[in-house]
Structures are given as C-alpha cells and as structure tokens.
Amino acid sequence: MHFIIGGAFNGKRAWVKKTYQVSKQDNWLSAYNHDPLPTNLMDIEEPVIILEGVELWLKDLTKNYDVNHSREIWNRCKENWLIWEKAGVNRKLVVIGTDITKGIVPLEVENRVWRDVTGWAYQDMAAKSDKVDVIWYGLNQNIK
Amino acid sequence: MASSSLIFITGGVRSGKSSMAERLALEIASQSGGPLYYIATGVPSDSEMQERIEKHQSDREAGTYQWKTIEQSVQIGRLAETFSSGDIILLDCVTTLLNNELFSTEQTWNDSFLETVKEKIITGIISIKNRAGTMIVVSNEVLNESLPGNDLVFLYSRLLGQIHQVLVEEADQAFLVEAGIPIAMKGVRQ
Numbered sequence: 001m002h003f004i005i006g007g008a009f010n011g012k013r014a015w016v017k018k019t020y021q022v023s024k025q026d027n028w029l030s031a032y033n034h035d036p037l038p039t040n041l042m043d044i045e046e047p048v049i050i051l052e053g054v055e056l057w058l059k060d061l062t063k064n065y066d067v068n069h070s071r072e073i074w075n076r077c078k079e080n081w082l083i084w085e086k087a088g089v090n091r092k093l094v095v096i097g098t099d100i101t102k103g104i105v106p107l108e109v110e111n112r113v114w115r116d117v118t119g120w121a122y123q124d125m126a127a128k129s130d131k132v133d134v135i136w137y138g139l140n141q142n143i144k
Numbered sequence: 001m002a003s004s005s006l007i008f009i010t011g012g013v014r015s016g017k018s019s020m021a022e023r024l025a026l027e028i029a030s031q032s033g034g035p036l037y038y039i040a041t042g043v044p045s046d047s048e049m050q051e052r053i054e055k056h057q058s059d060r061e062a063g064t065y066q067w068k069t070i071e072q073s074v075q076i077g078r079l080a081e082t083f084s085s086g087d088i089i090l091l092d093c094v095t096t097l098l099n100n101e102l103f104s105t106e107q108t109w110n111d112s113f114l115e116t117v118k119e120k121i122i123t124g125i126i127s128i129k130n131r132a133g134t135m136i137v138v139s140n141e142v143l144n145e146s147l148p149g150n151d152l153v154f155l156y157s158r159l160l161g162q163i164h165q166v167l168v169e170e171a172d173q174a175f176l177v178e179a180g181i182p183i184a185m186k187g188v189r190q
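Protein sequences appear in the order of chains A and B. Numbering (full-length UniProt numbering) for the first sequence: 1 to 144. Numbering (full-length UniProt numbering) for the second sequence: 1 to 190.
Among the hints, erroneous ones may be present.
Covered by chain B, according to a simulated footprint, are these stretches of chain A (three or more residues, beta-carbon under 8 Å) [unchecked claim]: (1) 1–14; (2) 95–107; (3) 130–141.
No lab work stands behind these hints, which were simulated from the structure alone. Beta carbons: idealized from backbone N, C-alpha and C, even for Gly.
Chain A with its partners taken away, still in its complex shape (with noise of 0.2 Å):
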C-alpha cells in the first residue's frame, strides 16, 4: 500500500496520476465522486486501484456510527483492500487522504469525532503502507 496525504488542493491526484500513469476511469475510485466506500476489491483486475477522498468515506461511517464501530468497519475494510494487494504480484494500492487535522478545535461534536477517526485511521494506514509520501503543492517527500 502507498499511502498519500497532503492539505486539501495542493495536487495530490495530479501527482499520483503522473506517478502511476493512471487515468481516471481506470480503477480509481474517489469519494468526491460519490462511490460508496469499497468493504472490498476483489472483482478489480486491474493491477493498480486507487481510492481518493478517504476522509470522506471516513466522515460517512462517524455520522452513522459511533467511533469504535466506525473504526472497526474501516480496518475491516481496509484488511480486505490488503488480501487484494496481496494476491498478486503486480498489484498495488494506492490511498489518497486530504490532511484535515490541522486547524482549530472544530465546535462541533461531529467534526470532532470525524476529525480522530481520520487521524487515527491516517495513522493506521501509514503504519501498514510500504510506502508513504507528503504532497505539498505538487511536490512530494516521501516519509516512509
């Protein structure tokens, strides 16, 4: 897993098309687009499957359940994107998460809970990822 984070417009699905040569029909599903968070990915053939937009998918489970069972779905979810990747030699997942823990404390209670549950499953993600990189502005630095 290749995992990607970076502040909102700063270029991240510019840089990993041009990383991966992916265009965007190819397998890539987004939550800007409005797929629905994918539980799995096995009917995918293609090598490389990119999901984009992970803090929304994130934001959908924290409004419909509590922050446990949210982040329950969501490793279940992304242990079943892993089996993916593991069963072939050329395959390759690649996430896109828009960095939203950095501004002040929101009042909200729901953005509250939305915004750990992203930093926590950011977090998770960047443990279990082979590979992680920064986008600033078009620029990346790999961290991991």
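Chain B: place on chain A using the hints.
Coordinates of chain B only, in the frame set by chain A:
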C-alpha cells in the same frame, strides 16, 4: 548577469515565515548589493491590524539595509515596470493579496471571476520576477484543516491551493517554515 529567480515561502501563523523571508532578502542583498523593495499588500481594517503593519515596518527600518516600501493592495502586476534587474523584492503575503482581489469588488464568485483573479496574481508575480533579480513571495499554510460545508471557503481554498501549486512549480526555491525553522522543499542543496 544571472537570470532572475523566484523564492516561495509558506508557513503557519507566527511560524517565522516573514522573518525568514526578510533574512533571506538581506542575505541576497549583502551579496549582490541590489536594492531591497517591500511590497506591502495589507490594508489596515482595524487598529490591531494597523499595529501589526507598523511592527513589520519598524522591524524593516531598524536594520542596516534600507527597504523601500511600495504599497499595492491589488493588481501587483502594475508594479512590474518600476523594477529592474538586480532588484530584490519581497511580497508578503499572497493570502492578503488574494483577499484584496476577491473583496475589492462586488463581483459574484463565478468561475470566470476566480480564474481572472488567479491569473492576475500569478502573472503579476511572474512579471515582477522577470523584471527583477530576485522575487521572494510569502504565503500562508491554511489548507490542512477540515473544510466546512461552506461554498465560499471551499472556493477560496481551491483558489489558494491552485495559486500555491503554480508558484511552487515556477519557483527556483521553495521553503516551508515550521516554528522558525525553514524546511527546504525545492531547489536547495542540503
């Protein structure tokens, strides 16, 4: 004669990005002997803002090198022809300039208006840089927090992100300042 260069510096509030930019400008001036210009974009909206601007001014005047301050809150490209090669110019900061451009008219924020504002800022900076020796541009890190479901903030963030991406692309050097320490992101030998 060396070609002109663009240096882009960002950081959070009170990260020391302005001081770093001024220090860098002075360093370049002491090596090249070129004159220092400061493009002030701030329009004081209250007394606290006024004091903030005065603090920045007195900081710049206290040094050995004399800065020439030019006040220009919108359309900075108009300044381009006043500069010549060898000049060292500091623009602080892009977010203030963007605010001024966005709020100086009653225009609704449609795509063509936002595109015009973006182009005005980018071409303004590039045209000054092309005339001058060194152009240093300071901006703010504001894109790492959750966006509220608010259209204006979303459009503003997108615009600022796009501007920053172009400036980093165009920049010869780029720095991210964290707690006073500049992190070289582009074009600097470690």
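Hints, one by one, checked against the model:
Check on the stretch 1–14 of chain A: 5 of its residues sit with their Cβ under 8 Å from a Cβ of chain B, so the three-residue criterion for coverage holds. Counting residues of the stretch 95–107 of chain A whose C-beta sits closer than 8 Å to any C-beta of chain B gives 7, which meets the bar of three, so the coverage hint holds. For the stretch 130–141 of chain A, the proposed coverage by chain B is satisfied: 5 residues have a C-beta within less than 8 Å of a C-beta in that chain, meeting the threshold of three.
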